[in-house]
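For the protein sequence lines, the chains are A and B, in the order given.
Residue numbering for the first sequence follows the working numbering, beginning at 854 and increasing consecutively.
Residue numbering for the second sequence follows the working numbering, beginning at 164 and increasing consecutively.
Residues of chain B clear of chain A, computed beta-carbon distances all greater than 10 Å:
1) P182
2) P183
3) V184
4) L191
5) A196
6) G197
Stretch-level coverage of chain B by chain A, calculated; a stretch enters the list once three of its residues show a Cβ under 8 Å from a Cβ in chain A:
7) 198–210
8) 219–226
The hints are simulated quantities; they were obtained by calculation from the structure and are not laboratory data.
Think of the CB as a built atom: it goes at the ideal place given N, C-alpha and C, for glycine as much as any other residue.
Here is how the chains run, residue by residue.
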Amino acid sequence: MENGALDLDGYFGLHPALASLQPLWQQKKLAFVHASGSPDGTRSHFDAQDYMESATPGRKNTPDGWMNRLVATLPGTTTPSRLLGIGPVMPRILAGQAAAVNLPNVASGTRADILDRPAIGAAFDQLYAGHPRFGRAYDDGRKAHREVMMAAAETPQMQAADRGAPLPNGFPDDAARLATLMRNDPKIQMAFVALGGWDTHVGQGAGTGQLANRLAPLGQGLAVLAERLGPLFDDTVVVVMSEFGRTARENGTGGTDHGHGNVMWVLGGKVKGGRVYGDWQGLEDAALNEGRDLPVTTDFRSVLAQVAERHLLLTDKQLTQVFPAMPQKSAGFRLLAAECRTDLTLETATRPIVVLLYCAAQ
Amino acid sequence: MRRRRCSCRRRTAAAPSAPPVPVDPARLQATLAGALSPATLDTVARHPDNLRAAMLLGSPDFMQR
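Whole structure, please, built from the sequences with the hints as guidance.
In structure tokens form, the structure reads like this:
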């Protein structure tokens, strides 16, 4: 059927705008966790996004984000570029004690700026040297900028691998830049990208239209990220999540309203992909949450915790620090393949995690 | 011929009426007196004139709310 769903497993289907992800599914490097999300019942975008980023649903006063807490618990030297964001502002998920760096969505974040002129840089270095309030932030920012500039440089081999193909603007372009940074700078371990504009209350469309126009670059960007990470993709886990699901039925304006359960996407070389995980209860009226949307049968934190535990070898104590209020219940399925390497420890398992949050607004 | 006239007109219209005047760092410093810390004033004084206005405006004193 033209513009119809692409079959995944005989039951679930992939939106046709995500056709670029089919090869990863077929290679069993892409999995989905259906009916997943936050256990908090809010229908406020701001609160829901806040909870996804703090990983403390229902608690508004959490001062930091879970990715920052995760980095803070890891051994090894903390450098600003270890925790990298791409977006207009430093996101809440990266806020906290550990240093982090945020780059704008466009390429300018990886280019020289006015402080890279020696005389001006030296003058401002002196202005901020040892300043009690801003000295460390200034140093971190300068250091991160230098690291990112070096990492952004593409070698001729990389340019050849990319085949010089121009990318559409937006997320595919950011994904390509992120892949370059990660390949060139092994210190970049956690990366976060927020993609706004998914609040499709009006004219959502179906196989084509508004939602399809957002899904296509997301799928293309993920495929670009996987391709351009090269061998590093085998050691990387990419998690895609959102603060909300949508209502099961169409509303009166050709869109859908805020829902509850959603679907998380997990990609990576060690992901046991080609499967849809989670407790799926169907779309019958009786199965829906409040008769309108998917119930959350998998707490999003149990997926994240499993990634942190199996990918980074976090201990139970560390997991409690990163996800402090998480119920004891585990996800009930294994998303990542059993570890074959026996030499890995918490100290050596410094493998990357990329998180994408697609949401109503950034 | 007509096209050339048109492009000339456009250039004239887009041209600034007067060249920008560089900020005088001494006047700027006098204006901001009281808002600048001794450390900032000392560091700025050790740098050439062409950097001073930018340093004053980009100093830590202006990063505070």
